[in-house]
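S.K.: Below are the chains, spelled out letter by letter.
Protein chains: 2
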Amino acid sequence: MKRAVVLLSGGLDSTTTLAVAKAEGFELYALSFDYGQRHKTELDLARGNAEKFAAKKHLIINFDLREIGGSALTSDIEVPKSGVSNKDQPLTPNPQPSIPVTYVPARNTIFLSFALAWAETLEAGDIFIGANAVDYSGYPDCRPEYIQAFEYMANLATKISVEGKVKFKIHTPLIRLTKAEIIRMGTSLGVDYSFTWSCYDPIPGPQSPTPCMKCDSCMLRAKGFREAGIKDPLGVD
Amino acid sequence: MKRAVVLLSGGLDSTTTLAVAKAEGFELYALSFDYGQRHKTELDLARGNAEKFAAKKHLIINFDLREIGGSALTSDIEVPKSGVSNKDQPLTPNPQPSIPVTYVPARNTIFLSFALAWAETLEAGDIFIGANAVDYSGYPDCRPEYIQAFEYMANLATKISVEGKVKFKIHTPLIRLTKAEIIRMGTSLGVDYSFTWSCYDPIPGPQSPTPCMKCDSCMLRAKGFREAGIKDPLGVD
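One line per chain: the protein sequences are V and F, in this order.
Under numbering that gives the first Met the number 0, the first residue of the first sequence carries the number 0, and numbering increases by one thereafter.
Under numbering that gives the first Met the number 0, the first residue of the second sequence carries the number 0, and numbering increases by one thereafter.
Just chain V, same shape as in the assembly:
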């Protein structure tokens, strides 16, 4: 059984990616990060999904990107809200003219680097990441050209690739899909989206937090479910 390292944030995309890797027959090694993100709900959900999809191992690596800063997801910068109150209005998932402040500097590069290290130790040539370049926030490290460049670098970086034992492939099964297509695919593969988290700025609650339904990520999620014709189990309406 071929091994794959799957980056698993606990979000909708990465959980769907885990299901895809499972369906493709890989033995799963799920990798998450506790990096000082504001919303840790996702890590609990990642644990649950790693178990549900029978990951052989789930590793959570700790480091603190707050020391580096530069993002609304790890520092005191405010998460932008487009303030869309009428869900029938056309939604523009990325209304900012440039990459929004929720971008975390070099995050996917850091995540993929740890995935590469673990993959090398496991002698696994396959790394999965739920990057998406359609219904996304315009983050540069979600685009195909970035992923290709990482893959090329990875094959020059490691002992097992240079010695010819393994050729690394970065799998991005969602990269060209709309959010609606991702949700339909995940649903067909058994993903329960109750147990995925998207909101960048959750509202604390006595039992569990509630999605704000105003940040980019909530808006993209809501648009996806609406277009897929599926009710979001986490949706507030």
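These are computed hints drawn from the structure, not numbers from a lab.
Be aware that a few hints might be false.
Since the list gives no way to pick one copy over another, a pair counts as held whenever it fits inside one copy or between any two copies.
Keeping only pairs whose Cα atoms sit at most 30 Å apart, straight-line, the calculated DSS-like set for lysine-lysine is [unchecked claim]:
hint, residue 1, residue 2
1, Lys39, Lys56
2, Lys168, Lys21
3, Lys213, Lys1
On a predicted model such as this, the values are computed, not experimentally measured, just so you know.
Once you've looked at the hints, dock chain F against the given chain V.
M.R.: Relative to chain V, chain F alone:
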């Protein structure tokens, strides 16, 4: 004053690299990692050298590569000793036919990824790493082709590069130098090699550890000092 992020392990090469970046007129942001390495002496020395070369900031990021394993420097794998007892014998710095077990999976990729994140936050386009591909242990992530691939990827990965504000350059001032040339250059730039650490497998002592003088890294260092005609202040002979 242009800012540069300098990877600083506390070893001979990275400390020399810090001195080079200083001499080139950069404002220094030194970056070290506490990643579960066996020999932490180097982190204390990194702190001292960051101060000596007046780094604006020295950041030490913590994570645990022991969870990933796969290296003699982070796990229980034995550090190989070539057992060279006669210093007049010709030394072969990398006698292994392949990359030795002291290689740490994807280490430079992880280090450079954090450097990239910090550089982006600082809007610094210049990243320095003391990679060397002459008197080295054959690690794949020290070679020029790897560094070039990382630089290419970095410029696709980040908001400030994609928006055209900064073009990242990975500086490797030592990459084509022999160890002797590195030592001569560092000496001329004010590096005090008493405060640099190379040994992979130090012998614990009551006050401070002693280099083993048998591992690859000790052998490369000893050869460098001998060829430079300079006495190693840490040398045991």
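S.K.: Take the hints in turn and mark each one as holding or not.
M.R.: Here is what the structure says about each hint:
{"no.": "1", "hint": "Lys39 to Lys56", "result": "both (20 Å within a copy, 29 Å between copies)"}
{"no.": "2", "hint": "Lys168 to Lys21", "result": "within (16 Å within a copy, 39 Å between copies)"}
{"no.": "3", "hint": "Lys213 to Lys1", "result": "neither (41 Å within a copy, 39 Å between copies)"}
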